[in-house]
Each structure stands twice: as structure tokens, then as C-alpha cells.
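Novice: Sequence order for the protein chains is A and B.
Start counting the first sequence at 1; every next residue gets the next number (the working numbering).
Start counting the second sequence at 1; every next residue gets the next number (the working numbering).
Read the hints as simulated data drawn from the structure, not as lab findings.
Beta carbons are placed, not taken as given, at the ideal position from N, Cα and C, and that holds for glycine.
There could be a bad hint or two in this list.
Computed beta-carbon distance windows for the label pairs [claimed, not checked]:
hint	chain 1	residue 1	chain 2	residue 2	range
1	B	52	A	236	26 to 36 Å
2	B	45	A	210	19 to 29 Å
3	A	183	B	50	42 to 52 Å
4	A	210	B	49	17 to 27 Å
5	B	173	A	229	47 to 57 Å
6	A	261	B	93	47 to 57 Å
7	A	229	B	49	19 to 29 Å
8	B	110	A	255	36 to 46 Å
9	B	38	A	103	53 to 63 Å
Pairs of lysine-lysine, PhoX-like flavour, derived with a Cα cap of 20 Å [as the list claims (entries may be wrong)]:
hint	chain 1	residue 1	chain 2	residue 2
10	B	139	A	103
11	A	73	A	318
12	A	101	B	139
13	A	144	A	172
14	A	130	A	144
15	A	144	A	134
16	A	284	A	44
17	A	254	B	139
18	A	101	A	318
Below, each chain spelled out in residue letters.
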Amino acid sequence: MVLRSFKAGLVALSLVLAAGPSLPAFAGQEILNVSYDPTRELYKQYNALFAKHWKETGGEAIKINQSHGGSGKQARSVIDGLEADVVTLALEADIDAIAEKTKKIPADWKTLLPSNSSPYTSTIVFLVRKGNPKGIKDWNDLIKDDVQVITPNPKTSGGARWNFLAAWAWAKKTYGGDDAKIRDYITKLFQHVPVLDTGARGATQTFAERGLGDVLIAWENEAYLALDELGAGNFDIISPSVSVKAEPPVALVKGNSDAHGTTKVAQAYLEYLYSPEAQKLIAKNYYRPNDPSKADPADIARFAKIDLATIEDFGGWKKAQPEFFGDGGIFDQLYKPAK
Amino acid sequence: MADQQTAPHRGRNAVSEPTFVRWLLILICALFLALFLVVPLGTVVGRVIMAGWGSFAETLSESDTQSAIRLTLAVAALAVPFNLIFGIAAAWAIAKFEFKGKTFLTTLIDLPFSVSPVISGLVYVLLFGADTWLGPQLKAMGFPIIFAFPGIFLATVFVTFPFIARELIPLMQAQGTADEEAAISLGASGWQTFFRVTLPNIKWALLYGVLLCNARAMGEFGAVSVVSGHVRGKTETMPLHIEALYNDYATDGAFAVASLLAALALVTLILRTLLEMKFGAEVGNGQHK
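Put together the whole structure using the sequences plus the hints.
Specialist: Below, the structure written as C-alpha cells:
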């Protein structure tokens with residue numbers, strides 16, 4: 001009896017196995033885009049746009065697979081062997097890490113596409129509760145007594161590093177480069193942070209869904225998306241007087257795409273990001289396009305004019321990364337969690 | 001027992017608490033369950049009902065969701081039999097034989113319970129990652145491990161392998177070897193003894209172990225998250241897909257998949273309850289008659 005049911009179980013099992021892992025095969029080429037958190041919505045739309053374009057210009061059917069996560073974690077996965085054909089990450093340093101550790105990306109990747117290989121830029125803004133009850137206008141308001149600030153951990157989140165540098169840029173301008181005063185401001189700022197999430201999307205969820213904090217320091221695109229998704233009636237966006245120009249870069253992982261035989265389509269995938277159609281889509285998704293000429297003027301009008309520092313003002317990522325965020329760097333020296 | 005109950009003790013019985021204490025304990029237990037189990041699960045189901053059948057059906061008809069369901073079922077369908085064979089073999093060896101290093105083996109089996117799932121996943125990255133010796137070789141042979149089905153399978157097996165062995169060992173130890181010795185002295189072969197004596201003795205504990213193992217295999221998040229690579233429609237299992245949907249602001253979709261996963265676990269629970277109702281104490285304490 002038991003033996004019979006055991007055998008029946010085995011038969012049922014083999015049936016499940018035969019049906020289970022046989023995923024529907026896709027006739028045509030596939031590429032994998034390993035990206036960071038806030039680009040989910042953008043690439044969902046861009047992939048459809050590119051697939052259509054590629055087919056119309058004589059290419060074969062193409063399917064683009066997506067993987068999203070914190071930028072640093074995604075870079076780590078590619079280094080550990082995730083078969084990305086292209087990477088579209090938040091920080092240069094993450095692509096540099098892949099290039100250095102795997103040699104699958106040429107060291108001069110940044111020069112291979114226009115505008116430092118960044119087809120879009122963004123900046124850092126504040127998301128506050130509707131009506132701005134704490135009257136937050138600029139960076140100095142974030143260290144007022146009763147204000148709680150939400151920002152992710154700069155150790156793990158690319159977005160959080162931009163947040164940190166934006167605050168630094170403002171302090172530098174305001175205090176005329178007085179290092180002690182800048183450090184004092186940053187120390188105070190992080191004392192107003194009750195919790196450091198690991199990624200930008202997690203921080204947004206903390207602020208918006210869990211209702212923690214009075215102000216979220218966020219990517220501009222992430223802040224607008226939160227308005228769209230979670231209701232414009234709940235939040236306002238405040239643009240500070242000074243912020244940073246964040247350039248999320250893209251690169252072909254040539255070592256992988258050569259092995260897959262997808263280099264041509266993967267390269268076209270990245271180049272098409274600079275096309276007018278794609279730039280229009282980029283603006284629609286709240287990223288600042290490189291070429292605003294073809295974008296919907298209403299989309300462009302949403303972007304406030306802000307005094308933007310660039311990473312070059314900090315000596316480039318190669319210098320800024322270890323100086324600010326390395327072990328024992330400025331962030332480690334200044335971060336004293338709120339009691 | 002009967003003597004005590006008829007004894008003319010007033011107020012307090014030696015083997016029983018006063019009525020109000022009993023009710024209090026039951027109440028605390030029920031409140032606890034309601035607060036920590038029924039309310040959260042009810043919220044999940046409530047969100048799905050509020051979002052409506054249309055949204056539920058829409059989520060389930062997405063190819064990424066279907067692929068996640070297929071992957072989860074396939075992983076469980078492979079991992080559970082794997083652990084079934086391992087669990088029986090390990091429990092058999094530990095309960096029925098004396099050998100050196102037995103305690104050590106028992107500890108090893110418990111290891112996945114004591115290490116964090118993140119470590120269970122990282123182990124495979126460190127073994128089969130791109131800068132290891134083994135990983136690239138296997139990949140070159142067309143058999144990638146991490147960021148592919150085999151890695152997810154391995155991580156799941158690692159996390160779930162104590163479940164069946166742990167169910168069986170105490171029972172088999174309690175049963176001793178008398179039945180098997182009798183069978184063998186009557187001329188039964190090893191396999192006959194196993195299928196006709198040992199297996200019937202442990203079948204309910206075994207089934208319970210399989211159900212637990214299955215529930216965990218489908219629900220594992222941490223270890224699988226590390227080795228998955230999170231490629232949508234490819235290497236995302238149901239728990240990972242739930243997180244992805246939630247982070248996409250597709251909250252209704254996330255709750256839809258979560259309710260499905262919870263339903264799969266509930267099926268397990270109901271099966272177990274049915275078994276207990278049908279076979280009573282036999283399932284509960286595993287004693288055969």
C-alpha cells in the first residue's frame with residue numbers, strides 16, 4: 001500500500017518535473033540589462049520602444065530581460081557571474097568595479113558613448129508631506145530641531161552618495177568652504193536621520209508607505225514617481241538652492257555579450273538611448289534628458305532650475321569614493337546615529 | 001486519574017488548573033494567534049479582495065508572475081524528493097545504528113537551522129562564483145550554477161534539508177530496532193524490511209516532514225535572493241517576485257502573489273489537519289499500532 005502510493009508519487013513527481021522547468025523558449029535574441037532600483041519603470045517602457053525600433057530597422061525579434069536592485073549589489077552580482085549584456089547603474093564607481101575585477105568592460109568605457117556614457121541625468125530634491133508643514137525650503141531647514149530626514153545608507157546606496165554630496169555642495173557654498181562648518185552641518189544632518197535604508201526605493205517606501213520622517217532626500221525621478229504612484233495629494237516636491245548633477249552611466253559588458261553573440265544588438269540598445277524618441281521617453285519618466293529638443297516641453301518645464309555641482313567639483317568618483325565613503329572616510333567620521 | 005477526580009477536593013484539583021486559569025490561557029493563546037497570524041494574513045487576503053478579482057487575474061496572467069510560479073513549483077518538486085531520500089537515509093543511519101561521529105552528523109544536519117539564509121546563499125556564490133575555479137568550468141560546459149536554476153535549487157536544498165530528517169530521527173529512535181530485527185530473523189531482505197516494516201512505521205512523520213519541507217522550499221527568500229540574480233521572468237521565484245512587485249509600486253500585484261503563496265502554505269496546513277483528523281493520534285505522536 002505504502003509502496004504503491006510511493007510509486008504513484010514518483011510518477012506524479014516526474015510529470016511535474018517534465019512540465020515544470022520547461023520554460024517557454026523564445027525564438028530570437030535575448031539580452032540582459034542589469035540596472036539599479038529607480039529605473040524599473042523607465043526601462044520597462046524603453047525596452048518595448050527599442051524592441052519595436054530594432055525590428056523596424058531589420059533586426060530580429062529581441063527580448064530584453066531586466067534585473068533591478070541596489071546599484072552596488074547589482075555590480076557585485078555581475079562580478080560574481082551574472083550574465084549581463086549591458087549594465088545601467090547609478091554610479092561610475094560601480095561600473096569601474098566591474099571593469100577592474102572582471103575585465104569584461106574596457107577600462108575606457110566612459111568614453112565609448114556620448115556625455116560620459118550617461119544618456120540621462122538627474123538631481124537630488126526633497127519630498128515633503130503635503131502642504132510642507134515643517135516649512136522646508138533648503139538644506140539648512142533639514143537640521144531644524146523637529147525635522148526628521150529620510151535618506152538611505154551611502155555605504156550601500158548609490159543614490160545616498162549623491163544625497164550626501166548634494167548636502168556637502170550646499171554647505172560648501174553656504175559656509176564659503178570652511179571645512180569645520182561643513183562637517184558640523186553634515187554631522188547634524190545625519191543626526192536627524194532615524195533610519196538608514198539600504199537602497200533608494202526602500203527609503204521611499206519608508207517615507208511614503210510607513211509614514212516615517214518629514215522629508216525624504218531623493219532622486220528627482222524617484223520623487224516624481226512617488227507622486228504619480230502614491231498620490232499627488234500626499235506629497236510636495238521641494239527643490240533646494242544647490243544640488244548635484246547625478247550622471248547614472250551605462251556600459252556594454254563586452255566580455256559577456258561577445259560570448260552570447262549579442263554585442264551588436266546590445267550596443268544598439270545603448271546607442272538608441274540617445275535617440276530623440278528615447279530622450280522623449282526619458283523626460284517623460286522624470287529623468288533629465290541630454291537632448292531636450294525633442295522632448296515634450298511640458299515634461300521639461302517640470303525640472304526646476306537648480307545650481308548643480310558635478311562630481312568633478314569633488315575631484316571625480318575615483319577621488320571622492322574613497323575620500324567620502326571608503327572605510328574610515330568622511331562619512332564614517334561624521335556619522336553618529338540619532339539617539 | 002479517576003481517583004483524583006472523584007476525590008472530595010474543593011476548589012483545586014491536583015492535576016488541573018481552575019477553570020478561569022484554563023480559559024485565560026486559551027484566551028491568551030487565541031489573542032496571540034489572532035494578533036500575529038490571523039490579522040496579517042487577513043490583511044493580505046483583504047487587500048486582494050479590495051483590489052478585486054480583475055487585478056488578481058491580471059497579475060496572475062503576467063508572464064513574469066507565471067514564470068515565478070513555475071520556477072517555485074519546479075524548485076520545490078525537485079528539492080523535496082531530494083531531501084526525502086536524504087532525510088530517510090540520514091534518519092535511518094542515525095536512529096538504527098551505532099557509529100563513531102554520530103553526534104557530529106546530527107549537528108551537521110541541524111546546521112542549516114542555525115546559519116542565516118544569507119550565508120546559505122553566499123556559500124554557493126563563493127563556491128561557484130565567477131572568480132572561483134569550479135564555477136567558470138561548469139559554465140563553460142553549459143551548466144551555470146549561480147544566477148540560474150541549479151543555484152536556486154542548491155540553496156533551497158541546503159536550507160530545507162533538516163526538515164525531514166529532524167521529523168524522523170526522534171521517532172525512529174523511540175521505535176528502536178526490535179521490529180526490524182524480527183523481520184530480518186524471519187528472513188526478510190534489507191529492502192523488504194525497509195518497505196514493509198520501517199516505512200509503514202514512519203509514514204506519517206515522513207509525510208509531515210515532506211509537507212514542512214515543501215512549505216519552506218516554496219517560501220525561502222534569503223538564500224535564494226543571494227543566488228538568484230533577480231532576472232525577471234527567469235530566475236525570480238515567488239517570494240522574490242513579491243518583493244519586486246512591491247518595490248515597483250505594484251502593491252496589489254504583490255499582495256495577489258503573496259496570497260497565492262500563502263494559499264499554497266495553507267493547503268499544506270489543511271492537508272496536515274485532515275491527516276490528523278483521519279488518523280488521530282497515530283499522526284500526532286507517530287506511534288504505529
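Novice: Using the beta carbons of residue 183 of chain A and residue 50 of chain B, state whether their distance is inside 42 to 52 Å or not.
Specialist: Given a distance of about 49 Å, which is inside 42 to 52 Å, the answer is holds.
Novice: Could you see if the CB distance from residue 38 of chain B to residue 103 of chain A stays within 53 to 63 Å?
Specialist: Holds: the Cβ-Cβ distance is about 55 Å, inside 53 to 63 Å.
Novice: Confirm or reject the claim that residue 229 of chain A and residue 49 of chain B have a C-beta distance inside 19 to 29 Å.
Specialist: Hint holds: Cβ distance 22 Å, inside 19 to 29 Å.
Novice: If I claimed the Cβ atoms of residue 261 of chain A and residue 93 of chain B lie 47 to 57 Å apart, would that claim hold in this structure?
Specialist: 49 Å, holds
Novice: Between residue 110 of chain B and residue 255 of chain A, does the C-beta distance stay in 36 to 46 Å?
Specialist: 41 Å, holds
Novice: For the pair supplied as a hint, residue 284 of chain A and residue 44 of chain A, confirm whether the alpha-carbon distance does not exceed 20 Å.
Specialist: Satisfied, since the Cα-Cα distance of roughly 13 Å is no more than 20 Å.
Novice: Does 26 to 36 Å hold as the CB distance between residue 52 of chain B and residue 236 of chain A, or does it fail?
Specialist: 31 Å, holds
Novice: What's the verdict on residue 130 of chain A and residue 144 of chain A, does the C-alpha distance respect the 20 Å limit or exceed it?
Specialist: 19 Å, holds
Novice: If you draw a straight line from the CA of residue 144 of chain A to the CA of residue 134 of chain A, is it 20 Å or shorter?
Specialist: 9 Å, holds
Novice: Does the structure keep residue 73 of chain A and residue 318 of chain A at a Cα separation of 20 Å or less?
Specialist: Holds, at roughly 19 Å.
Novice: Are residue 144 of chain A and residue 172 of chain A close enough, with their CA atoms no more than 20 Å apart?
Specialist: Distance ~19 Å between residue 144 of chain A and residue 172 of chain A Cα, so the pair holds.
Novice: Between residue 210 of chain A and residue 49 of chain B, does the C-beta distance stay in 17 to 27 Å?
Specialist: The hinted range 17 to 27 Å holds for residue 210 of chain A and residue 49 of chain B, with Cβ atoms some 23 Å apart.
When the structure is compared with the earlier hints, no violation turns up for any of them.
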